[in-house]
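Using the hints, position chain R against chain G.
There are 2 protein chains.
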Amino acid sequence: SPELEAEIKARHIDIIDTTCPFVHRAQVTARRLAQSGFFVVVYGDADHPEVKSVLGWADGNGVATLDEKFVANFDRLPHRLGILSQTTQIPAHFTEFAKKLIDFAFTMDSELRVIDTICHDIRKRQAAALEMAGRADLMFVIGGRTSANTHRLAELCSAVTETYLIETADEIHPPWLQGRRYIGITSGASTAEQTISEVLMKLEALT
Amino acid sequence: SPELEAEIKARHIDIIDTTCPFVHRAQVTARRLAQSGFFVVVYGDADHPEVKSVLGWADGNGVATLDEKFVANFDRLPHRLGILSQTTQIPAHFTEFAKKLIDFAFTMDSELRVIDTICHDIRKRQAAALEMAGRADLMFVIGGRTSANTHRLAELCSAVTETYLIETADEIHPPWLQGRRYIGITSGASTAEQTISEVLMKLEALT
Numbered sequence: 033s034p035e036l037e038a039e040i041k042a043r044h045i046d047i048i049d050t051t052c053p054f055v056h057r058a059q060v061t062a063r064r065l066a067q068s069g070f071f072v073v074v075y076g077d078a079d080h081p082e083v084k085s086v087l088g089w090a091d092g093n094g095v096a097t098l099d100e101k102f103v104a105n106f107d108r109l110p111h112r113l114g115i116l117s118q119t120t121q122i123p124a125h126f127t128e129f130a131k132k133l134i135d136f137a138f139t140m141d142s143e144l145r146v147i148d149t150i151c152h153d154i155r156k157r158q159a160a161a162l163e164m165a166g167r168a169d170l171m172f173v174i175g176g177r178t179s180a181n182t183h184r185l186a187e188l189c190s191a192v193t194e195t196y197l198i199e200t201a202d203e204i205h206p207p208w209l210q211g212r213r214y215i216g217i218t219s220g221a222s223t224a225e226q227t228i229s230e231v232l233m234k235l236e237a238l239t
Numbered sequence: 033s034p035e036l037e038a039e040i041k042a043r044h045i046d047i048i049d050t051t052c053p054f055v056h057r058a059q060v061t062a063r064r065l066a067q068s069g070f071f072v073v074v075y076g077d078a079d080h081p082e083v084k085s086v087l088g089w090a091d092g093n094g095v096a097t098l099d100e101k102f103v104a105n106f107d108r109l110p111h112r113l114g115i116l117s118q119t120t121q122i123p124a125h126f127t128e129f130a131k132k133l134i135d136f137a138f139t140m141d142s143e144l145r146v147i148d149t150i151c152h153d154i155r156k157r158q159a160a161a162l163e164m165a166g167r168a169d170l171m172f173v174i175g176g177r178t179s180a181n182t183h184r185l186a187e188l189c190s191a192v193t194e195t196y197l198i199e200t201a202d203e204i205h206p207p208w209l210q211g212r213r214y215i216g217i218t219s220g221a222s223t224a225e226q227t228i229s230e231v232l233m234k235l236e237a238l239t
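Residue numbers (this note's numbering), protein chains in the order written: chain G, 33 to 239; chain R, 33 to 239.
The reader is advised that the hints may include incorrect statements.
Since the list gives no way to pick one copy over another, a pair counts as held whenever it fits inside one copy or between any two copies.
Taking lysine-lysine and the BS3-like style, the derived pairs with C-alpha atoms no more than 27 Å apart in a straight line are [said to hold, decoys possible]:
id, residue 1, residue 2
1, LYS84, LYS234
2, LYS101, LYS132
3, LYS84, LYS101
4, LYS156, LYS131
5, LYS234, LYS132
6, LYS234, LYS131
7, LYS132, LYS84
Honestly, the hints are just simulated from the structure, not real lab data.
Looking at chain G on its own, in the form it has when it is part of the complex (with noise of 0.2 Å):
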């Protein structure tokens, strides 16, 4: 949040910035909208702490959520809306959400800006994923059991072939490989690359 980012400069502790690009792209975003007068509206689940980041951006002139209802309610709504994406949701979901918003709260004198933030690369990693679990009669997702993103490429690539979540090479039960021709790795956004190269050499070693 930009309150955190002001109280490390304050103290003068040396940073390095690991924000994604995408998610400083967001940021950036629903602070440029806050600051021309604009009713931020993030669509994503407002727990996610990506979410709650960029909301933060737009200076408690916003508010996160998966539902254009709960923005349809509102009391008063605003006449000048952003409406933005956490970056990993999917593209087609967005632009439903925004039409719906287009129904429920464009009204007269409105201004509605539709603002794509989503990180493509992300859908294309996806993509990509899916594709080889076709292909594959084992995947192996590499990431943290905690990353969102990892998680969702564990779950599109399990309802295709047999799939596990590892955040190292440790992980790898040598019994799992017995039998297995093609053997699919795909990794969540922030993984690195020592830990890939790592699930890599074990899987070689292995097989």
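Using the frame of chain G, we list chain R on its own:
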């Protein structure tokens, strides 16, 4: 158009700007969008003088159409799209148009602005005229024969009761009034008060 305005100013001709404030708002909106790098889509009949004028303020960076497919069929869809409306369009039709454009034109990194430039006075006037026509056994719509909103009023009323579009009091034929108990009067958005008074006096004299 801005060009015409500039030429008039260059020749030091005194002008009285009689542009309707709602049309002016649409013009300014088109200019603001174009200057911010948005491709302007005006929802309206491309041949209508108002629509041509509004588009003129977009400085060549826009189109006017009533058909969302016209925009969808572009070779390259603009990423930044500003959607506004001719002031006399029906609000529900405009929002349907905007929603279809979201389907067609909202893609990766898109920013879409939808701005209400409809004159809701005209909508109220139409609703009031329709209500009156429902109670009247004769309606007069006073306004120019070349005015789109006057024609629209006459069209709406004639579906409900016998209706005459007149430009001046002189056009009233006394036989029209025989046996009428309730005569309704409405007028186009730009009809002079004087003309309306003359019609009222003529009707009082004849009934």
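Legend entry - Within, between, both or neither: LYS84, LYS101 at alpha-carbon 27 Å: For LYS84 and LYS101, only the intra-copy Cα distance (20 Å) is at most 27 Å; the inter-copy one is 38 Å.
Inset, instruction - At 27 Å max between alpha carbons, let me know whether LYS84 reaches LYS234 within a copy, between copies, both or neither. - result: This pair counts as neither: shortest intra-copy Cα distance 37 Å, inter-copy 68 Å.
Legend entry - Same-copy or cross-copy closeness of LYS132 to LYS84 [CA-CA at most 27 Å]: So LYS132 and LYS84 pass the 27 Å test inside one copy only (23 Å; across, 31 Å).
Inset, instruction - Please work out whether the CA atoms of LYS156 and LYS131 approach to 27 Å or closer within one copy, between two copies, in both situations, or in neither? - result: Cα proximity of LYS156 and LYS131: in one copy and across copies (24 Å, 25 Å).
Inset, instruction - If the cutoff is 27 Å on CA atoms, where do LYS101 and LYS132 land: within, between, both or neither? Let me know, please. - result: Both: 9 Å inside a chain and 21 Å across chains, each within 27 Å.
Legend entry - Status of LYS132 relative to LYS234 across identical chains (alpha carbons, at most 27 Å): neither (49 Å within a copy, 51 Å between copies)
Legend entry - Same-copy or cross-copy closeness of LYS234 to LYS131 [CA-CA at most 27 Å]: neither (48 Å within a copy, 51 Å between copies)
Checked against the numbered hints listed earlier, the structure breaks hints 1, 5, 6; every other hint is satisfied.
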